[in-house]
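Student: So the protein lines, in turn, are chains A and B.
Per the numbering used here, residue 1 is the first one in the first sequence, and the count goes up by one each step.
Per the numbering used here, residue 1 is the first one in the second sequence, and the count goes up by one each step.
There could be a bad hint or two in this list.
As the list claims (entries may be wrong) - Chain B stretches covered by chain A per the calculated footprint, using a threshold of three residues with CB under 8 Å from any CB of chain A:
no., stretch
1, 167-179
2, 187-194
3, 289-295
4, 680-686
What the hints assert, rightly or not - Which bits of chain B does chain A cover? Going by a derived footprint, with three or more residues having C-beta under 8 Å, they are:
no., stretch
5, 231-243
6, 517-527
Since the hints were derived computationally from the structure, they do not count as laboratory data.
Even glycine gets a Cβ: it sits at the ideal position worked out from N, Cα and C.
Listed below are the residues making up each chain.
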Amino acid sequence: MTTFQINGRDVTVSVEDDTPLLWVVRDELGLVGSKFGCGVAQCGACTMHLDGQPVRACVTPVSDVAGRKVTTIEGISGSVADAVRDAWVKLDVVQCGYCQSGQVMSAVALLAESPAPSDADIDTAMSGNICRCNTYQRIRTAIHDAATTLKG
Amino acid sequence: MLGPVDLSRLPSFSETRRAVGARAALPLDRRSFVRLALGTGAGLVIGGLIESVPAGAEAAAASNAYDGVFTPFVRISPDNVVTVLIKHQDMGQGVTTGLSTLVADELDADWAQVVPEFSPANVALYKNFAFGVQGTGGSTAISNSFEQYRKAGAAARSMIVQAAAKRWGVAADSIKVSKGVVTSGAHSATFGDLAQEAAAVPVPADPTLKTPDQFTYIGKSFPRLDSKAKTTGARLYTQDVQLPGMLVATLARPARFGGVVKSVDDTAARAVKGVVDVVTTSRGVAVLATSTYPAIRARELLKITWDDAKADMRGTDALVAEYQKLADTPGVVAKAGDAEAALAKADRVIEASYVFPYLAHAPMEPMNCVAQFKDGRATLWTASQLQTVDQAVTAAIFGIKPEDVTINTLWAGGSFGRRGTYDADYIAETAEIVKVTGRGEPIKLVWTREDDIKGGYYRPVYVHKVRVGLDKDGAILGWHHRIVGQSIVSGTMFESALVKDGVDGTSVEGVSDTPYAIPNMHVELHSTTVGVRPLWWRSVGHTHTAYVMETMIDEVAAAGGKDPVEFRLALLAKHPRHTSVLKLAAEKAGWGTPAPEGVFRGVAVHESFKSFVAEVAEVRLVDGKPKVERVVAAVDCGLAVNADNIRSQVEGGVGFGLGAVLHGKVTLKDGVVEQGNFDSYEVLRINEMPRVEVHIVPSAEAPTGIGEPGVPPVGPAVANAISAGTGQRVRVLPFDVGLKLG
Ligand code: FES
Ligand code: FES
């Protein structure tokens, strides 16, 4: 039994302690916006925020999040998230879209930490998120665009 | 392998192609569609965009209610929604937006009222004219549908106009349609208002199409229809399908291609909480569980003994060595020319041998499929890319007719060719598990990333050996070219169409049909047999042929002291479309002006899928290591249906091709794949993504492919830049292996 908060709601799940958070959220809680891409913290498709910090849910045992706050792509909100999503839509970043939940979660975390990131900052923060459609150029532009919006 | 599947059930590629030659015969006949929709349950027409998955195999009861069907491609509901049925798979290339555009334009719909929906699997209504079966690939989605979808929109518009004329008692030519609103004098109505009456009008066989100057959407850049759902997590993929009672399966496959299960001890696996069954199929050992993680975890606990008697035990080193020997012996002639005589007379001969590795597609969403068998009918939920093949293979496994297989096509998390398998591999795996277990619940088979990287269906290993003879001024006298590698289509339903006189066209495309004015060119092919299953990989043969042709031409230009762009232009005098993209890319990249300090330029131009792309790469060498900073691409893909989508596809293609030449490789040791996940099978990440500029040549020609043609030129353009900077010609791919640093 593990109790934690997800997108502002308290939940208790009864799964093995070592079950990765990703599978708990997808299969037990039915929130399937966070994706499985590698299972070994290599691709970022499963990125969630744990107490505001981006984590790879595929390698985070559910026991690690007991009593903590998890936010998924379904629950991320606020001005940074809005600016990121608006920029993504405005620039038509997506192709297949499968990586994009993770890209959005990583981009929101980056901008929350660093409101005016350089290309090098973006490379550092986003290089854990693979996009096999290679939408990287638009991701980079969209992050700058969102930063401009936030500066207001 | 195919096992029980009898592919003779499928229409042969060439036969069907002949049959659809009479295109006028393809009916915009809505009655047959209504039957289809009701027969499979109208509720099963997939509603990807409403982000729900059609539930269960139970057909919705037929009713007499208005069904909104205008043609097999258009439905209009009383609430004013125009649904466009998309016969192609959308794996990110944006075809749902593209085909919706064609309908919306001819229909004069408002863009905001258009909703795409994947069509059912039905070869009679939804075949790809380039294949003769329903399916997506070869960058044909827009080109083969261009007229068909425009006609569907125009037919629906004509029906609406006739209904309005009748209702208002006015002449049809007094009626105007704009942005989904129909007017005549004081009369005004929306499509939704008129839908029911309009749907009753007979479908016109040959509606008038717009001329290009009348287009309102086609040719403009406008937003994708799927951006929003893909940034909120709302978009559902096969991986996300959850159905009542559904079980999740993983499959343990042999480590060596061709291995089979000898014995299995599943005691530990069965003890994992959530595991409900372990079964052996002809393809491996399947673990079934109530959710995903136990299925993945329990599979690791299986103790399986494999029988490798029929397995391919070779490693890639041995394979390449064999190929290199073969490259010194005569092969099947793909293009005949008297190269030997010309080479004998040459002042100088440049000789080069190239090695290309196996490549996995590694789409972001690993393979997966949900299948159910109930009451004699099979239902699939999957990102089907060759629906007709998937239907036939599934039908054969269950011993039912293809029409008794319903496919709910879902959005694909990438493909790059991987989902378009000639043997429906992962779908067949799922169907077989369903059959062996005899369960009526839906079963979702999931692949892990390791399954994907180790699973075969690769871009095959190829070896090229080229000898080019030059005269003393550096002009080409003769060109001798041998290619060695597996045929992608041999033994498949595509063989009869694509293999001619023993030559698989996909192995030599881009070489034997080169546009360069090369005298005495001779091309031969050795098609090899290996246990590793080959498959088309974004841009197919052009992945290796463009690299060889474009680096060799560059080398020849350098040998004669000529400018690479000028040298190419001289050999392309009869090819205006190659010439125009090459000139445009060179001009936009500032070819001929000094590059920034420490940066070197390289160029390549290549035609694939009837589109023409030139790319100039700017590469900075940092301690001898290449960093690609900028790629300038010029593209001619005929009429640009959606310029922004073309740019997006080329940007993505450049990144995809670049990742492969820099890092991509699958290697085998004693028949076992050595890579497993993205740590060992490296792909491009954002820190290596160059700035990409895409310039589109204006054209009124029919639209051609764009999903793939951006890929082939990037590798050779970068290689040529590296050579300009270091003098080194990289001929063993990827650069991680073939480029010597410092
Ligand atoms: S699935 Fe978690 S990082 Fe790839
Ligand atoms: S959009 Fe397809 S993997 Fe990123």
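Student: Of the numbered hints stated previously, which ones are contradicted by the structure, given in increasing order?
Tutor: Violated: hints 1, 2, 6.
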